[in-house]
Amino acid sequence: MTKVFIPSDTTARSLNADAVAVAVGALGEDIELVRTGSRGLYWLEPLLEIETSDGRIGFPNVSVESVHALFAEGIPTLEHEKCLGLVEQHQWLGHKRLTCARLGIIDPLSLTDYLDHDGFTGLAAALKMTPQEIVGEVTASGLRGRGGAAFPTGIKWQTVLDTQSEQKYIVCNADEGDSGTFVDRMLMEGDPLRLIEGMAIAALAVSATIGYVYVRAEYPQAIATLQRAVEIAEGAGYIGKSINGSEQAFHLEVRKAAGSYICGEETAMLESLEGKRGVVRYRPPLPAIKGLFGQPTVVNNLVSLATVPDILAKGAHNYAKIGKDRSKGTLTVQLAGNIKRAGLLEVPFGITLREILEDFGGGSFSGRPIKAVQAGGPLGTYMPETEFDTSMDYEAFKDIGAMLGHGGLVAFDDTVDLAEMAQFAMEFCAIESCGKCTPCRIGSVRGVEVIERIRAGENADENRILLKDLCDTMIEGSLCALGGMAPLPVLSVMEKFPDEL
Amino acid sequence: MNSEEGKQMVNYYSVGAEIDLGTPVSGSAEPITLTIDGTPITVPKGTSVMRAAAIAGTNIPRLCATEDLEPFGSCRLCLVEIEGRSGYPASCTTDVEPGMKVFTQTDHVAKLRRNVMELYISDHPLDCLTCPTNGNCELQDMAGAVGLREVRYGYEGSNHLDEPKDESAPYFTFDPSKCIQCSRCVRACEEQQGTYALTIDGRGFDSQIVASQKEDFLSSECVSCGACVKACPTATLTEKSIIKFGQPDKATITTCAYCGVGCSFRAEMQGDQLVRMVPNRDGHANHGHACVKGRFAFGYATHADRITTPLIRESIHDEWRKVSWQEAIKFAATQLKNIQKEFGRKSIGGITSSRCTNEEVFVVQKFIRTAMGNNNVDTCARVCHSPTGYGLKTTLGESAGTQTFDSVMAADSIIIIGANPTDAHPVFASQMMRRLRQGASMIIADPRAIDLVDMPHVQADHHLQLRPGTNVALINALAHTIIDEGLEDKKFIDERCEPDAYEIWKKFIGEQRNSPEALAEVTGVPAGQVRAAARLYANANNGAIYYGLGVTEHSQGSTMVMGIANLAMVTGNLGRDGVGVNPLRGQNNVQGSCDMGSFPHELPGYRHLSDEVARKLFEAEWKVELDSEPGYRIPNMFDAAVAGEFKGLYIQGEDIAQSDPDTQHVHAALSAMQCVIVQDLFLNETAKFAHVFFPGSSFLEKDGTFTNAERRISPVRKVMEPKSGMSEWEITCALSTEMGYEMSYEHPRQIMEEIARLTPTFSGVSYEKIDALGSIQWPCNDQAPNGTPFMHVDEFVRGKGFFAPTPYVATDERSNSRYPLLLTTGRILSQYNVGAQTRRTENLQYHDEDRLEIHPEDAQLRGIVDGSWVGIKSRAGETVLRACITDRVQPGVIYTTFHHPESGANVVTTDNSDWATNCPEYKVTAVQAYPVSQPSQWQEMFQRFDKEQQELLASSQETVE
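Top line first, the protein sequences correspond to chains W and B.
Per the working numbering, the very first residue in the first sequence carries number 1053; after that it's consecutive.
Per the working numbering, the very first residue in the second sequence carries number 16; after that it's consecutive.
Here chain W stands alone, though its shape is the one from the complex:
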């Protein structure tokens, strides 16, 4: 029996991986087909892997038609002309993966696979610790929120731990809505038990007994996979009435999100989880003190929670030694847009943007020069080529007014109309605004109109002043980060690409 692996992640499936799997499955009895998540080498999907004594060998861009050719002379080997070699040695996997270590390797819903790949070792370690020790470990790791705000996870947990309440909650924000981001989905589709393990550890750390995963509505496969994984974990006694035999219960529920970008804002998400309209709450009080149903709540991004098991399993020190300065550990970069090689990278903080774009991404897909990169989702700034040598860490990005956000990078070649992109930033804000605060609700609409006028050459100078004023009003006056940051891409175009707007 030879094991053949074909990803079942949404991207691979959209590239016909299911049909490939059927074709492979029909080949004969000496093949054991395993459906895995994706490693994130998306330009190679469907990437078929075959187990050998030296490791897995990979065959990229397999189609139903090519399956027969590939297997025409039996199981293809490393020598096969289509083979890209040992997958583990691929350049994109050169850095040791932590959070994404099992992606593309295990069957996402196989508990055995999970356990064989060090699953639940973090939880086992946590179960031997006091809540304060767990929180201390996470704090010592230097882990910062991967949703974009980069707030130290341990400090957030400490607040929840220190707030007295009969009921506390763990909420995972998996309403992944930033343009060009997909790591949350990949983890849910490819290694869902990792998230469950991370949330169970968080539950132990702050004595929470109920958890919710709020998953983007447009991720049907992630929702289904995660739901099944919750059943598996609960069936095996890792969560539910007791966390793996401990005194503490942890009931985990997967919730389909409301289909709105703003519901990824943590307070709007809490409102939505409570069954209300997804409208932003004012802060303080922080959700850590008064969160879901008014109770202390850990609200973390999925990647943060999925990273926790590793920290507990191998120790904070091991995690903290990776990365750069105050940006500890690894960054999951999602490379998209006009780029030759798009997909998921997990690299230590400190790598430069240029390395990502050129070394890993291979330049633009069109072959033209990359003119700008939008980092950190639709609210991120447009970075010109002069900023490509910036180190990918929170502080370095902050210093130049940019942000890493959730790790999404969208590349544009020199044909891009950045004024149009600036207008799009306002349009996006107008479409996704919850409507609660005035600067965002009305400001974004006026922003579109003013940019339209500038682009049409109507009183351009006066309108530029007005646009700048409007951006300041939105930044300083908005209730949450949507209205507060939507002007950033606009301002970045005005400042860094002055010919464009």
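Rather than coming from a laboratory, the hints here were simulated on the basis of the structure.
These figures come from a predicted structure and were not determined experimentally.
One or more hints might be untrue.
Said to hold, decoys possible - Simulated pairs of lysine to any residue, SDA-like, Cα-Cα distance not exceeding 20 Å:
(1) B:K126 x W:D1521
(2) W:K1328 x B:G217
(3) B:K126 x W:G1536
(4) B:K60 x W:L1518
(5) W:K1328 x B:D221
(6) W:K1520 x B:D122
(7) W:K1342 x B:E85
(8) W:K1328 x B:E85
(9) B:K521 x B:I508
(10) B:K255 x B:G150
(11) W:K1328 x B:A125
(12) W:K1328 x B:Q474
(13) B:K126 x W:E1410
(14) W:K1520 x B:G172
(15) B:K522 x B:D499
(16) W:K1520 x B:A125
(17) W:K1450 x B:R100
(18) B:K255 x B:R100
(19) W:K1328 x B:Q223
(20) W:K1342 x B:D216
(21) W:K1392 x W:E1410
(22) W:K1328 x B:D216
(23) W:K1328 x B:T214
(24) W:K1520 x B:V166
(25) B:K255 x B:D142
Chain B: place on chain W using the hints.
Using the frame of chain W, we list chain B on its own:
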């Protein structure tokens, strides 16, 4: 200015605009000192920066914040700078901290606010001069405050200026083109009213306020309480009266004349034109909230049906003659004197009104006891809460509710028995729902599923759906459970209650016949549910009982009230905040009319006529000898009239011909009298049987006080002159003087001074104190100079609490093969009592006829379909109503409201009554129901009589003119 002119201008209760400090008051006592624009100020912890600044005299611009609602933080006008903090925090959502340095007006925040305002105005009509809220618009004020001078975006961008207006609601319009999305209306509907009728639909720029599922306001769940209208800072939600008249120029604080909640209102005026009624934020009973009746249904006060000239006639089939006051009073006095000459001193009497002021009521009972020389005085409390007076006096020692309304906010478990607060006491219901949403448990005992049983945000933990007439069995079963399961508060009982009486009661209640299991058959409520409910109440830190006429209007009404008091005592739920026994009084001044000595056996302050000391006190003050024999109760008056012994009746603002049970008997009694004097606003049903009509004055035309269900004495203030030219107390005084007992006062304040002199529980009450405090809960005397929020705090008024045994005795009125259904009655939100007021307002749009609620099974059995005509027959009479098929009622029970005279609900109710007080058993009548095709005989007769009387009234007016 001469001194006379100066005197005229002193009007200390006429008030300016309501002051709004932006965010609610903090409950904390801990002081926090901070500086605002360099000036130190100390405020309680939990106070917002906005409120602290307002207290310090700085009004930070704002649009979405108001003191009535929790802060929201959406408008972004109230941004400030705080030393050491990044950005521009919203002052409404930022709490003060020690040493905080706040700067409310820097160049930067000024620019920021101007820029935010510029965005608002870029999507707002520029029709300020013709806008109904011109001069009273917060958006306009704020545009001025921030110095907006131009809108650089122009007005051609996306906007909402063409949004259509919704004018469906009777009292206000909704104009979304003026909406600024502050959510104040939505939040008011949620936080204040608790109906959740409003929401925001869509998001971002497309956000819009919608009622229910995008319905128009009239068809939506909106109950027209007006909270959203008050909350709206623009012209989006505006009273139609404001659109019609414009902005008021003055306001006077007064008290609503509808239900026993007694809401405080600002009567906002232009000259003597009432423009609108706005609930008063400082109102102690309502805290700025109102309902559709008090807020909007005041049009009756100036309705064309008002009679403003005295009328007299010899016979009820004669035309009315319009006469002068002098002639009318002389005519009435002569008639009454002649009757007494012929039939004796006790052949006449009077009925006081629970809708009139304390002062007016006091004068009427004084007139009866002095000029008439007998004690034939009774009041409409006879037919509603007389058992409350009797039952609470017996067990606790005082004939009144024990708490403030605010006490409900400290209750952990709430029992509601025979009351329907969302319809009959809506403003209190909203407060109660707020507590329920905070997590208090609720037990409802009612034969019918009232709204509170299951609402979107409030559900009863137990609905004990008992059979009508089995209240006492249920209360005994609850008390039995408490004794049986050892849930009683032994310490409270030992310290506070009479031990012997308790032992007797304990033995009685512990008997097996009082167990939930034994009584399940009687009440129809499963024993397990009764036990669970008893535990829930007994185990709560604070248990509070609220009850209404579903308790009192029974053959065992007084027994049930005592049973309720027993239940509260046995669980120690009396004498502090959050607990108590709380009768929800029906009419605005039913508590007051009782307090004022309206009963035939009691002098003001509930002192029995046989109390020599009390009687002497009154005799000395009134300089007359009082009859020590109790007089007739209302039903006795009717019986005596039919027997030919009772011939003259002075009725102050009560419509006994419609409201009292067994209508045909009442009509016979009225027809048998020689002189019926009705003092009212309208030709009500009783006035059709009258010989003298004294035009009364509305609550807007008088000074005085009302006392609500929580014993709160609140001011009623004259905002316009009496249309009849005479105040009601003046009419009574003139009649008394004409009959030979001289009575005169210059102002109602002198009447209150007399009440205070004569009544120990009122000795500290004066108009000056009411003006100063806003309202006072009696007892108010040397021991409690500012009044008494909670009664029976350290000991009961009677000393030790008295456990009265309450054996259940089934009513005679029970279903049988001839009358297999039980009819029970109630009210609806939009109509008030006999409807004389509300039927003369647009409230008719909400409820234009009384319907008969019948369970689908009972309907099907009888071939009754929804909306069809149904005959209802009891041993007393027969009437016809249209059917409303619903499972709100249980099989075997039917239900109707009684707001329309032609419905004849009381034609069907019987002469059965409470054993102790004769309070009629309105709530249980055995009836049969069957499909019919025409009105009942009585209804046809009613229509003929009504037509005749209307014509007699109309032609009288023609003769004079």
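Cross-check of the supplied hints:
no. : hint              : result
1   : B:K126 x W:D1521  : holds (10 Å)
2   : W:K1328 x B:G217  : holds (13 Å)
3   : B:K126 x W:G1536  : holds (17 Å)
4   : B:K60 x W:L1518   : violated (41 Å)
5   : W:K1328 x B:D221  : holds (18 Å)
6   : W:K1520 x B:D122  : holds (17 Å)
7   : W:K1342 x B:E85   : holds (16 Å)
8   : W:K1328 x B:E85   : holds (17 Å)
9   : B:K521 x B:I508   : holds (11 Å)
10  : B:K255 x B:G150   : holds (16 Å)
11  : W:K1328 x B:A125  : violated (34 Å)
12  : W:K1328 x B:Q474  : holds (19 Å)
13  : B:K126 x W:E1410  : violated (45 Å)
14  : W:K1520 x B:G172  : holds (18 Å)
15  : B:K522 x B:D499   : holds (11 Å)
16  : W:K1520 x B:A125  : holds (17 Å)
17  : W:K1450 x B:R100  : holds (19 Å)
18  : B:K255 x B:R100   : violated (46 Å)
19  : W:K1328 x B:Q223  : holds (16 Å)
20  : W:K1342 x B:D216  : violated (26 Å)
21  : W:K1392 x W:E1410 : holds (9 Å)
22  : W:K1328 x B:D216  : holds (12 Å)
23  : W:K1328 x B:T214  : holds (10 Å)
24  : W:K1520 x B:V166  : holds (15 Å)
25  : B:K255 x B:D142   : holds (18 Å)
Violated hints for the displayed structure, listed by number in ascending order: 4, 11, 13, 18 and 20.
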